[in-house]
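Peer 1: Chain residues, written in single-letter form:
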Amino acid sequence: MTGLYTRVVQSYRQGSAGATGSPRVFITGVGVVSSIGIGKQAFYESLRAGRTGLSKLGAFAAGDLGRDIAGEVKDFRAEDHMTHAEARNAGRCAHMAVAAARLATKDAAISDEALGGTRVAVVMGTTMGEGALLGDLEGAWIKSGEGAINRADIPRYGSTLLPIHVARALGVSGLVSTLPAACAAGNYAIGFGADLIRMGRADVVVCGAAELLQELQFAGFVRLAAMAKERCRPFDKNREGLILGEGAAVLVLESEAHAVRRNAAAQAEVLGMGLTCDGYHITRPHPDAAGSIEAMRQAIARSGITPDAVDFVNAHGTGTKANDVAETKVMHDVFRGRRVPISSMKSMLGHCMGAASALEAAGCVFTLETGVYPPTIGFETPDPECDVDVVANVAREGKADIILNNSLAFGGYNAVTCFSRPYKVPELGLPARVLS
Amino acid sequence: MRGARGSMAVTGLSVLSAAGMGKDLFFAALALGAPTRPSPPKDLQAFDSAAYDAPNVVEVLGFDPTVLLGDKGLRTLDRITKLLIVAARMCLHDVGFKANGQWQRSEPTKVGFVCSNAYGSLEAITELDRVALLEDARYINPAKFPNTVSNSAAGYVSIWEDLRALNVSVSNGNPGALDAIGIAEVHLASGRADALITGGGEAMCEALFLAFKKLGALRSPGFCLGEGAAMVCLEPELSAESRGATILARVTGYGTHFSAPKDDALLHPSEEAMGAAIEQALESADVAAKDVDLVVSGLSGLAPFDAAELGAIHGSIGRTANVFAPKKLVGESLGASGALAVAAAVYARNGGTLGRMEAGHAPSRPRHIVVTSLGYYGNASAVVIS
Numbered sequence: 000m001t002g003l004y005t006r007v008v009q010s011y012r013q014g015s016a017g018a019t020g021s022p023r024v025f026i027t028g029v030g031v032v033s034s035i036g037i038g039k040q041a042f043y044e045s046l047r048a049g050r051t052g053l054s055k056l057g058a059f060a061a062g063d064l065g066r067d068i069a070g071e072v073k074d075f076r077a078e079d080h081m082t083h084a085e086a087r088n089a090g091r092c093a094h095m096a097v098a099a100a101r102l103a104t105k106d107a108a109i110s111d112e113a114l115g116g117t118r119v120a121v122v123m124g125t126t127m128g129e130g131a132l133l134g135d136l137e138g139a140w141i142k143s144g145e146g147a148i149n150r151a152d153i154p155r156y157g158s159t160l161l162p163i164h165v166a167r168a169l170g171v172s173g174l175v176s177t178l179p180a181a182c183a184a185g186n187y188a189i190g191f192g193a194d195l196i197r198m199g200r201a202d203v204v205v206c207g208a209a210e211l212l213q214e215l216q217f218a219g220f221v222r223l224a225a226m227a228k229e230r231c232r233p234f235d236k237n238r239e240g241l242i243l244g245e246g247a248a249v250l251v252l253e254s255e256a257h258a259v260r261r262n263a264a265a266q267a268e269v270l271g272m273g274l275t276c277d278g279y280h281i282t283r284p285h286p287d288a289a290g291s292i293e294a295m296r297q298a299i300a301r302s303g304i305t306p307d308a309v310d311f312v313n314a315h316g317t318g319t320k321a322n323d324v325a326e327t328k329v330m331h332d333v334f335r336g337r338r339v340p341i342s343s344m345k346s347m348l349g350h351c352m353g354a355a356s357a358l359e360a361a362g363c364v365f366t367l368e369t370g371v372y373p374p375t376i377g378f379e380t381p382d383p384e385c386d387v388d389v390v391a392n393v394a395r396e397g398k399a400d401i402i403l404n405n406s407l408a409f410g411g412y413n414a415v416t417c418f419s420r421p422y423k424v425p426e427l428g429l430p431a432r433v434l435s
Numbered sequence: 000m001r002g003a004r005g006s007m008a009v010t011g012l013s014v015l016s017a018a019g020m021g022k023d024l025f026f027a028a029l030a031l032g033a034p035t036r037p038s039p040p041k042d043l044q045a046f047d048s049a050a051y052d053a054p055n056v057v058e059v060l061g062f063d064p065t066v067l068l069g070d071k072g073l074r075t076l077d078r079i080t081k082l083l084i085v086a087a088r089m090c091l092h093d094v095g096f097k098a099n100g101q102w103q104r105s106e107p108t109k110v111g112f113v114c115s116n117a118y119g120s121l122e123a124i125t126e127l128d129r130v131a132l133l134e135d136a137r138y139i140n141p142a143k144f145p146n147t148v149s150n151s152a153a154g155y156v157s158i159w160e161d162l163r164a165l166n167v168s169v170s171n172g173n174p175g176a177l178d179a180i181g182i183a184e185v186h187l188a189s190g191r192a193d194a195l196i197t198g199g200g201e202a203m204c205e206a207l208f209l210a211f212k213k214l215g216a217l218r219s220p221g222f223c224l225g226e227g228a229a230m231v232c233l234e235p236e237l238s239a240e241s242r243g244a245t246i247l248a249r250v251t252g253y254g255t256h257f258s259a260p261k262d263d264a265l266l267h268p269s270e271e272a273m274g275a276a277i278e279q280a281l282e283s284a285d286v287a288a289k290d291v292d293l294v295v296s297g298l299s300g301l302a303p304f305d306a307a308e309l310g311a312i313h314g315s316i317g318r319t320a321n322v323f324a325p326k327k328l329v330g331e332s333l334g335a336s337g338a339l340a341v342a343a344a345v346y347a348r349n350g351g352t353l354g355r356m357e358a359g360h361a362p363s364r365p366r367h368i369v370v371t372s373l374g375y376y377g378n379a380s381a382v383v384i385s
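Respectively, the protein sequence lines represent chains L and S. Numbering-wise (numbering that gives the first Met the number 0), the first sequence opens with residue 0 and increments by one. Numbering-wise (numbering that gives the first Met the number 0), the second sequence opens with residue 0 and increments by one.
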């Protein structure tokens, strides 16, 4: 701890990029809508217990696709989290986003007044937004012609709307932005949100991502031969691919000054982010994993730390052959033989696409708060090609001072965020209440 | 907006518009000041419009990606992807980073891409939905499935152009391309890239056309749904100066604001949001309203939105503001529109003639130009070009 503490202080004094001498960024609220629990506590309990959220698909009929398992959020009811008018204006993806945002702001105990100014931003990620709503519109048109299109539903479609609905629900009037960065969208939103605070553009950023299961996406992954039949088993020799999921996770980020002013309790600190693009293939990671390696190195360097300070990696871990091998290369290259524990929450949640890395960021906060690494469930047979220290089947207690959240995405996107416990740094004059 | 490394310099530019492929054709249309004529239905490339009366849409005139990209590897790409790749390559050539598609200056890991797009995956989703609904989901083309993902087109740009710094896709509706500039500034100031090809694109497709038709927008006098793509190369000003780059203009300010309606309406033309965005942009540029010589607006012919935007311009800059409206000439291109407006501002800043003003007169070599864009949902953004 002393070594880490010294490094953090030094990095601030030296003004290293990312941890920079600019405002520190704290996570003061976490909101989750997931197949393993709605709300932070239920989610945390499931992560600790290694519960699966995978079940037989109920949202739509998978027909003859030969796959019918998904991480569906079956007990989510929009009306539990919003008014009838709010629900009527939005689709299910926005319902989950708004619910997660309200849970996060409640967890942060932040007042409506504090959310109301122009210094508050909303940044949301997704892959396909309200794809189900669009599917309904297109279904009516394609089957029955232009006259069958429900005019009132047209303005409800569009990824643009995700942060709009969140901003309306919370009374935010600053920057609202959607970053559709596919499976890295959560990290994009959180990293950009932290950048906004560091650069003095915002005091509070409500950020995260949402995704819902929808038919076209489901069929597409089947046709890409990327989907497993029953289980998602990342890093296992006999893994068959991913299982799709859905959900939303939202974090409340605050500048140090804002958190201090309202006497907020920090749950974690956002350090650096690494962002690169493979420029190689639209769906496959680069076989050398060069872009992913560079993204993780950037995240570490921009956090003002060295790789030996990293205690745990929350994996992208999709359970596809190519992803898990590429991610193993990243671990070997970045950590140079040190076996840093790694685990994939997708074994429990399925691959929640745009929401995945936001849910995994919430999992990172869980690890930093509890010192528990969530397990990769269903792990049976080690794979020589995935020679990493997988947290297999049972949650593991371990050192959790600094952890990484790794994500890769369609388009060759690589995004890695780095989080730490909210260290007390008396030289910076930060009060213990915030940092405890 | 002026950080330690100064403003952002615009060092390259590309435009695909209803006037044709290339910035010069776009500039010529701005100088002429006459609306580009809606294509007769039979002339549309993007979809078979024969069934529709007077579709009131325009496309990128004579769009032919093979001119720049050759004819290999295009088969599975959708229209938005081709528009973005061509626009990005033109911009990389214009800034001198590439010639004949090959790197001449800078390097792949130093250059990234930030791109706005509102409804780019619609064409691909429709194509695959047709197969799933009329045949069977088992028969959808897996090679085209990635096109249904919102950031796919931007990702393909990095693949085709070998851009390996960050790639960011933005989906904020009409103001998206101005927001892309705001996002690029954050990433450049953070040192994540030396240069960012930044802008937006939108592609015409039948679903997009139908959405606007059903909503009645295509009956609005003066409104024409369009498509296009425009990119600027952004670099920190000091970096651009030190490498001896030609600086076409400087982006000195950015502002954005969201305002919720008093009722539960979803569509919300917000004069308040537009005004706050303009004032924030001017403040960040340290420019007084009286020093703004030109406003390149997002006025499109949709009356409630035009009234709100113009009201905000009058309120924040003054009733005598010189207002230009490129959408009245080349159509409403949604996620691309802010980028086309920035291109128009750069053109005007360098002495380009504006043939038809919405209000006031066309200044010669305006000192400061405010580019405005009002979203459909209460969001608005503004950029200052100096």
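It is worth saying that the hints were derived from the structure and are not from the lab. Careful, some of the hints might be misleading.
[Said to hold, decoys possible] Okay, derived cross-link-like pairs now, DSS-like style, lysine-lysine, Cα gap no bigger than 30 Å in a straight line: (1) L:K328 x S:K109; (2) S:K143 x L:K55; (3) L:K320 x S:K261; (4) L:K55 x L:K73.
[To be verified] Reference listing, derived: stretches of chain S covered by chain L, where coverage requires no fewer than 3 residues with Cβ under 8 Å from a Cβ of chain L: (5) 92-106; (6) 257-270; (7) 316-324.
[Claimed, not checked] Chain S side only, calculated, beta carbon under 8 Å to chain L, not exhaustive: (8) A117; (9) L133; (10) F144; (11) V185; (12) K213; (13) L217; (14) A358; (15) H360.
Virtual Cβ for every residue (Gly too), placed ideally from N, Cα, C.
Peer 1: Each hint needs a verdict: does it hold in this structure or not?
Peer 2: These are the hints, each one checked on the structure:
1. L:K328 x S:K109: 23 Å, holds
2. S:K143 x L:K55: OK: K143 (chain S) and K55 (chain L) at ~27 Å, within 30 Å.
3. L:K320 x S:K261: 51 Å, violated
4. L:K55 x L:K73: 10 Å, holds
5. 92-106: That given contact is violated, which follows from only 0 residues of the stretch 92-106 of chain S lying within Cβ reach (below 8 Å) of chain L.
6. 257-270: With 6 residues in contact (Cβ-Cβ under 8 Å with chain L), the coverage given for the stretch 257-270 of chain S holds.
7. 316-324: violated (count 0)
8. A117: Cβ of A117 (chain S) sits 6 Å from chain L, so the hint holds.
9. L133: 7 Å, holds
10. F144: 4 Å, holds
11. V185: Result: holds, 5 Å to nearest chain L Cβ.
12. K213: Check passed: Cβ of K213 (chain S) comes within 5 Å of chain L, closer than 8 Å.
13. L217: Nearest chain L Cβ about 13 Å off; hint violated.
14. A358: This interface hint is violated because 28 Å lies over the 8 Å limit.
15. H360: 34 Å, violated
Hint compliance for this structure: hints 3, 5, 7, 13, 14, 15 are not met, and every other hint is.
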